[in-house]
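Chains as they are written, first to last, in my numbering: chain A, 1 to 107; chain B, 108 to 220.
It cannot be assumed that every hint is accurate.
Lysine-lysine pairs mimicking BS3-like chemistry, simulated, CA-CA at most 27 Å apart [to be verified]:
id : chain 1 : residue 1 : chain 2 : residue 2
1  : B       : Lys164    : B       : Lys118
2  : B       : Lys164    : A       : Lys94
3  : A       : Lys94     : B       : Lys177
Chain A stretches covered by chain B per the calculated footprint, using a threshold of three residues with CB under 8 Å from any CB of chain B [to be verified]:
id : segment
4  : 10-18
5  : 24-34
6  : 45-52
7  : 64-73
FYI, nobody ran anything at the bench for these hints, they're computed from the structure. Everything numeric in this text was worked out from a predicted model, so none of it was measured. Just so it is clear, CB atoms sit at the ideal spot from N, CA and C, and this is done for glycine as well.
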Amino acid sequence: KNEVEQSPQNLTAQEGEFITINCSYSVGISALHWLQQHPGGGIVSLFMLSSGKKKHGRLIATINIQEKHSSLHITASHPRDSAVYICAVDHTDKLIFGTGTRLQVFP
Amino acid sequence: DAGITQSPRYKITETGRQVTLMCHQTWSHSYMFWYRQDLGHGLRLIYYSAAADITDKGEVPDGYVVSRSKTENFPLTLESATRSQTSVYFCASRLDRDNQPQHFGDGTRLSIL
Numbered sequence: 001k002n003e004v005e006q007s008p009q010n011l012t013a014q015e016g017e018f019i020t021i022n023c024s025y026s027v028g029i030s031a032l033h034w035l036q037q038h039p040g041g042g043i044v045s046l047f048m049l050s051s052g053k054k055k056h057g058r059l060i061a062t063i064n065i066q067e068k069h070s071s072l073h074i075t076a077s078h079p080r081d082s083a084v085y086i087c088a089v090d091h092t093d094k095l096i097f098g099t100g101t102r103l104q105v106f107p
Numbered sequence: 108d109a110g111i112t113q114s115p116r117y118k119i120t121e122t123g124r125q126v127t128l129m130c131h132q133t134w135s136h137s138y139m140f141w142y143r144q145d146l147g148h149g150l151r152l153i154y155y156s157a158a159a160d161i162t163d164k165g166e167v168p169d170g171y172v173v174s175r176s177k178t179e180n181f182p183l184t185l186e187s188a189t190r191s192q193t194s195v196y197f198c199a200s201r202l203d204r205d206n207q208p209q210h211f212g213d214g215t216r217l218s219i220l
């Protein structure tokens, strides 16, 4: 069993829809990261959080430490949000990654 | 503000050849990492370094060698490339041990024929 599990693996949405991507982990962590990777592109850090909730534009990330679960929400999705979203957890001094959620948003 | 740069961006080589991927960061970050990204596996840690002259194995170190003689550079060498090492390689850095964002390079797409 992977230490970091993401769901769903693939997600298709119409422009304007509200998107939720989930991440569960089974190890002790000091922080959780959400990353974004566009097709053929580099990897960008979206959020790092250790408690509560963070918001940046249309993106919201939440974490529940007791339940070992985090969610990434995208409000009013847009085709430019199409990317792979990766959850990663800080465990000891390294990151453990989920396998990513591929999001496609159609106009 | 160069940040973190990888070179080359693309490389094609043959099995048995030695190839070195370069990674350079301008932030004086303590930690640097090398990952490979393959379909179905996500990002896997090859090696990492906590400081100059300190390196540690990650999840998939076999067939790779690293060094870190200077804080800003962290080259990754495939001593005798194999087809299974065809992958996209990402270098990353972070300021300190944890609770810091990691900054990724643009990646090197390596094909071994």
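Violated hints, by number in ascending order, as checked against the structure: 4 and 7
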